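With the hints as a guide, bring both chains together as one complex.
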Amino acid sequence: MDVTGDPLCFTSARELSQLIKTRKVSAREVMTACLAQINRLNPHLNAIVARRDDDVCLKLADEFDRLLRTQPVDGLHGLPIAFKDLEPAFGFPQSKGSPIFKNFWPEAGADSVLVERLRLRGVIPIGKTNVPEFGMGSQTYNQVYGTTRNPYDSTKTAGGSSGGAAVAVATGMLPLADGGDLGGSLRNPANFNNVVALRPTVGLVPTAPSPMPFVGVSTKGILARSVSDVAFGLAFVAGADSRDPQSYEFNPRSLLEPLRRDFIGARVAWSIDLGGLPVDRRVRRVLEAQRRTFEDFGCIVEDACPDFGNVDEIFLTLRTWASWNTYKELLSEHRAQFKPEAVWEIEQGAHLTGEDIGRALMQQGQLLERMRAFQRKHEFLVCAVNQVPPFAADEPWPKSIEGMAMETYIAWMKTTYWISATCRPALSVPAGFTDDGLPVGIQIVGRYRSDRDVLGLGHAFEQATGFGRRRPEGA
Amino acid sequence: MTSAELDAIIARRSPGMVKLTKAVLAKLRPRFPGAVELVYDKRNALVIGFCPDERASNVINSIAVYTKWINLYFFEGDSLPDPEGLLQGTGAMVRNIRLESAADLDRPAVKALMAEALKCADPPLDKKAKRRILLKQQSRRV
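Order-wise, the sequence lines are chains E and P. Our numbering numbers the first residue of the first sequence as 1 and each following residue consecutively. Our numbering numbers the first residue of the second sequence as 1001 and each following residue consecutively.
Chain P with its partners taken away, still in its complex shape (with noise of 0.2 Å):
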């Protein structure tokens, strides 16, 4: 898949969102170096992971586009440090944070929860790769 092909999904969304969507992918994609990107464009929610390989198992971040908000996923949630207690979710591992604006990925307390999540990366991210975006699923709009 092409960023140009997830831009035209992303371009499905309001304005406000698309705006939303793609100022936090251009903060996002420099802290995965390497990352496989994977799309699953949910009827609910677009969803991208940030992978070292293409299984999804192996997530680190996802993010989960809304039809007003995002939600940035952490998967080690129940583990990771958060003195602030940012994390919310009632998943036995899965934590999130709504993004209210891209901003909000420049706090320090996310910085340092996204640091310890990629700490866990297991695989470890290839640094030297090329980023790819690959299409996991795709729901049929009516």
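For reference, chain E alone in the conformation it holds in the complex (with noise of 0.2 Å):
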């Protein structure tokens, strides 16, 4: 890869939208670089998937140029965008990374939620992005497209399960994507692509159509190369649905205003291995150099950590639960199709008792109150993203960290999943390079329903370090 991208393709989603609007750029000008740049990288790192023609996308993106003459917009109008591959969206198959599905088109109507309102808000949809399979597992390969590779190094992942969507974002295919986190999956892909991803609160971004409306901890939300982007393409997401009774009302206008805010004397609990979980040496010395970010800032930062107790319990017994009673019928027909960390989840939620989810339920109760009064004090808590930097390509899950085995194929990243248990907002923000040029990012977690200001925090780091301008070469 010699050459670099259109700068359109690395303009800002808010500066993007704001010079389509005023014309001063046209939507097929900014489909035109995307396409370019896609149909230059994407042959290699696989991210974007079901794509249409690029005729069709520019004849839609000249619809959308003369909708611009003729009535007023909305904010995301003419930027290009490609939906994660679980998601619904009429008119492109919804494979969820399983050869069970490659060819399931979902009906008119059966938009997600979040695709409704991307779509409403005016982005030209014009494929999917790439997905492990049914999500599960934070490392992008399926049966029916293949793995995703990570732009800073091809032989490594773009994690997952948001995989696709973090590589696009990265190389400048598309100003920003949609992506969800029930274990870590919007974080995971963002850290190990050197971009932004807020896992929002639960319930400030609707998740209907889900199976299980008032169980787990699933959220949805938004990656793009910066702070800003996220909260930017928040606004246009978050708030109430009556389809999804977690949602909740929300003023998006507050996400559309500069996120700067003051931080002096706010205290910030500093625990990259959340109290003892073992972390790779390399992601280690790049997030500690970043301690005194913090401090400079004004931050009271110390040596502090809630008391997660059970929550491996909690989690691990809430999500397989959840995936038996999703997935035990298909299984049951066509076992051979699925990949074996998923056979394996699925079966462990059949030994379930109703004690057991009556006691992880309680527990996770809990958990919650705990974590309330640790964050009265508290406002933020700091960790690692990640337990490791991306890892092999060609393996689908890092059998030992620092010499400790994994005990299970999520088992490396109870960093992400632990925070999805407390139902808390967490950023994961890009915080520099291992030595060998992997991008490592810091998670930055904040009080319940506080996701501005976790979007401030992250933004004034951002800012002060500058890690996420850095681009992968050739992009």
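If you are wondering where the hints come from, they were derived from the structure by calculation, not from laboratory data. Certain hints may be false.
Stated by the list, open to error - Here are the simulated PhoX-like pairs of lysine-lysine, each with C-alpha atoms no more than 25 Å apart in a straight line:
id: 1; chain 1: P; residue 1: K1136; chain 2: E; residue 2: K377
id: 2; chain 1: E; residue 1: K377; chain 2: P; residue 2: K1119
id: 3; chain 1: E; residue 1: K377; chain 2: P; residue 2: K1111
id: 4; chain 1: P; residue 1: K1027; chain 2: P; residue 2: K1068
Unchecked claim - One side only, chain P facing chain E, incomplete, derived with CB under 8 Å:
id: 5; residue: S1057
id: 6; residue: Y1073
id: 7; residue: T1090
id: 8; residue: G1091
Unchecked claim - Pairwise CB distance ranges (calculated):
id: 9; chain 1: P; residue 1: G1034; chain 2: E; residue 2: E288; range: 28 to 36 Å
id: 10; chain 1: P; residue 1: P1030; chain 2: E; residue 2: E257; range: 53 to 61 Å
id: 11; chain 1: E; residue 1: G275; chain 2: P; residue 2: R1043; range: 28 to 36 Å
id: 12; chain 1: E; residue 1: G403; chain 2: P; residue 2: E1054; range: 49 to 57 Å
id: 13; chain 1: E; residue 1: T293; chain 2: P; residue 2: A1011; range: 28 to 36 Å
id: 14; chain 1: P; residue 1: D1007; chain 2: E; residue 2: E288; range: 28 to 36 Å
id: 15; chain 1: P; residue 1: A1011; chain 2: E; residue 2: Q366; range: 46 to 54 Å
id: 16; chain 1: E; residue 1: T293; chain 2: P; residue 2: P1083; range: 34 to 42 Å
Computed from a predicted structure; not experimentally measured. Using N, Cα and C, we set each Cβ at its ideal position, and we do this for glycine too.
Put into structure tokens, the structure is as follows:
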């Protein structure tokens, strides 16, 4: 890769939106730039799948330009997007990374709330972004579309499950992308690809359709190249929807305003390893160097960590129980087409009793209360996003960290799924690079429904450090 | 750190600020019996926090001495009753009052806010403990 992309490919989503609205740049010009970038990089990286033909995309862009001349348009008007392949989106296949669904096309009206809102705000859908099978595991490979590769080192994984989305954004194929996060699926790929993602407070962005709307800690969100653009994208998808009973009213305009905030005296609990999880020394070295950055903001930074108690039991019980109830019939009919990790996860849920579920839910209640008490004093918790840097793309999951064996295929990402269990907002923002040039992000966890404060601290960190401005070679 | 060493740090300010800082400390110290005073000699400000122990996150109130004024910080500021609207700031929890003179600390509304902050102290101050001063950060000066 010896050439670089059109500057439009790396213009912020906020600015692109403004340029299109004021007709300084056309939707066609933006689309042309993005398609060129996709055609140049995607064959190698495999981030965007189920793409529309270029001609169709350009005709759509022309149509959006015509609309602009005749009527007022919304905030994301004319921005190309590819929806995550776990999301139902009319006009595109929804394989979920499984050969069982490789020919499944959702019906008209079956869009998820996230897709529906993005469309209403004026995006131009051009395809889907690649995912792991059923979104299980934070490594994007599947039997339908293959492996998504890391643009900083294509022998490494892009992470997942929003792996295709993160790579598309990192390389300027798209200005922003949607994603989802149960155990780390927004944060991990953002971290591995040097972009930004917020796992919002549960309910900020509606997650419908969902097989179990009252159970679990699933979230939807936005990946972008800056904190400001994540906030910009969230402003158009956040807020209550009657199809998700956990969603809540929210003033999206607050995300369009500057994210600046005073952090003097803000108390930050510093715990890279969340109280003793194994963390690769390369990751630890990068992150420890950033403690000073928070101190320079005037934050009171000190070593402290909430009591996570038996969070593993909470998360794994609820996750495997949900997986069993969602996929048991499918597994019995198509077992040979499931990857071994998915079979393991689904079958773990088969052995759970009502008492197990009740205990996990009660323990989660206690965890939420401990977290609330902890955050009364410490407004923020700062820790690693991932315990490892991007690992080999042909390795399904890391089997050990610093000599400690991983007991499950998601044990290497406890720094993300432990946070998921608390329902708090958590941001992954670029924080540096290993000696061999692999991205390392830092995770900022805030108080319940304080998403804007988390974005504010992340924005301050981003402005002070500038790691997110570094692009993959050749992009 | 001794009081004399802290005085030496304070003495690097302008004469007016030295006088104001000493007057403010003289008013504050009796309100925090047994406190550990955590000192941060930063490039842009001298910060002195009044804590029940050595953990900065347990701070009750602090002052930041800038070049021309002093701010008094409250760390539960989002939940303190403030009928006169004295508390300033955009932080989620931290608020401040700008002190023009040590006499500002005698205003009933300021005293009431400080009394409320003291009630929130966790752990509470050990009033029988001996006051201590601890230097937590000293920025290199060019």
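- Of the hints given before, which are not true for this structure? As far as the earlier hints go, 10 and 12 are violated by this structure, in ascending order.
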